[in-house]
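Trainee: Sequence:
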Amino acid sequence: MTPASLENVVAVVAELLHDRIGLRPDQNLRGRLRRAIIEEAARHRDAPTAYADRLLADRAALQGLLNVVTVQETSFFRHPEQFEILAKDVLPTLAPPVRMWSAGCANGQEAYSLAMVLEEQQISGEVIATDLSTTALRRTAAGRYTKRELSGLSPERLSRHFNQYGDTWHVDEPIRNRVRTLHHNLIDPLPAETRSCHVVFCRNVLIYLSPEQARRFLDRLVDALPASLTLFVGTSETIWQVSDRFEAVQRAGSFLYRPSDRSVTVTPTPATPTPATPTPATPTPATPRPHPRRSRPGHGSSRNEPRPGAFPGLHQPRPTGRRRRPPARHPTARRT
Numbered sequence: 006m007t008p009a010s011l012e013n014v015v016a017v018v019a020e021l022l023h024d025r026i027g028l029r030p031d032q033n034l035r036g037r038l039r040r041a042i043i044e045e046a047a048r049h050r051d052a053p054t055a056y057a058d059r060l061l062a063d064r065a066a067l068q069g070l071l072n073v074v075t076v077q078e079t080s081f082f083r084h085p086e087q088f089e090i091l092a093k094d095v096l097p098t099l100a101p102p103v104r105m106w107s108a109g110c111a112n113g114q115e116a117y118s119l120a121m122v123l124e125e126q127q128i129s130g131e132v133i134a135t136d137l138s139t140t141a142l143r144r145t146a147a148g149r150y151t152k153r154e155l156s157g158l159s160p161e162r163l164s165r166h167f168n169q170y171g172d173t174w175h176v177d178e179p180i181r182n183r184v185r186t187l188h189h190n191l192i193d194p195l196p197a198e199t200r201s202c203h204v205v206f207c208r209n210v211l212i213y214l215s216p217e218q219a220r221r222f223l224d225r226l227v228d229a230l231p232a233s234l235t236l237f238v239g240t241s242e243t244i245w246q247v248s249d250r251f252e253a254v255q256r257a258g259s260f261l262y263r264p265s266d267r268s269v270t271v272t273p274t275p276a277t278p279t280p281a282t283p284t285p286a287t288p289t290p291a292t293p294r295p296h297p298r299r300s301r302p303g304h305g306s307s308r309n310e311p312r313p314g315a316f317p318g319l320h321q322p323r324p325t326g327r328r329r330r331p332p333a334r335h336p337t338a339r340r341t
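Going by the numbering used here, the first residue of the sequence shown is number 6, and it counts up by one from there.
Since no wrong hints were added, every one of them can be taken at face value.
Quick list of the computed label-pair ranges, beta carbon to beta carbon:
{"hint": "1", "residue 1": "S10", "residue 2": "Q255", "range": "43 to 53 Å"}
{"hint": "2", "residue 1": "S10", "residue 2": "A257", "range": "47 to 57 Å"}
{"hint": "3", "residue 1": "Q68", "residue 2": "G171", "range": "22 to 32 Å"}
{"hint": "4", "residue 1": "R263", "residue 2": "P179", "range": "27 to 37 Å"}
{"hint": "5", "residue 1": "A62", "residue 2": "Q127", "range": "46 to 56 Å"}
{"hint": "6", "residue 1": "R25", "residue 2": "R185", "range": "17 to 27 Å"}
{"hint": "7", "residue 1": "A55", "residue 2": "P101", "range": "46 to 56 Å"}
{"hint": "8", "residue 1": "A257", "residue 2": "N182", "range": "24 to 34 Å"}
{"hint": "9", "residue 1": "V254", "residue 2": "R200", "range": "16 to 26 Å"}
{"hint": "10", "residue 1": "A16", "residue 2": "E44", "range": "11 to 21 Å"}
{"hint": "11", "residue 1": "T54", "residue 2": "K152", "range": "39 to 49 Å"}
{"hint": "12", "residue 1": "A257", "residue 2": "N13", "range": "46 to 56 Å"}
{"hint": "13", "residue 1": "D266", "residue 2": "G36", "range": "33 to 43 Å"}
Calculated directly from the structure, the hints in this document are not laboratory data.
Cβ coordinates follow ideal geometry from the N, Cα and C atoms, glycine included.
Using the sequences provided together with the hints, build the complete structure.
Mentor: Here it is as structure tokens:
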């Protein structure tokens, strides 16, 4: 196969992954796809073009490609300042049992880090760990790691929460029992198990989605999860370019996100008609009633659409100084 023909196959498969999975067809994805297509086509004993046809019809083959092409690199307690904020500022405000969601859990280090925080704080609760990769979910459920994969763990946590068997370390049962795995794609409807989550860790995941798909996912979080939701994204990410339904809150040099006031609305109270009064025998001049000032057209938009090329992860969060008055809108019921 010529290089040009291979690039055509890569383009077709990249578009397929964008349509079905929501992955951005950028150069990073294309580079990983190029290598994965060559390897997976050889494993199936297909030519690359025949392998592309197989992906269109065979869901198992598509899942196999996703297991190869998705990035699973992470570590325990990655960016520890976020876990400090969780333990000191967020968890004390929540009534147990606390449910947390590790969205895009990779091989489970993040999910087990969250479970360790719950265990160490003696808080009842669980962690829902979801990922697109079935291979990653099997690794998470097993809770077994090599020495290289233990990066980020202190000696105290390693001895307290792990048991060594040969060259691998196994997560201790009390921690493993706090984590439940689910197969989920962020562009799909939220699983029922996640709808009562108070805390969501979705770090370095939205950068792989298109801005529109990222916005839809954030909308689903606000619409379905508790109003007390706290969202953590990657330390180099921000979401204000794709959604105005969250506001950044600074804590200890880091940021977390909570639903903004623009996401909180109330039900309008129906107007009660005023009973008519008899016309007096001697009419008196009527005092003009003031009319409410109407908004100009275009001033009631409830959401800023993402700008072309807007993409989470390129800028630091927008400073939270004096808050702007939200645009005029018809109030609706606040979700509890």
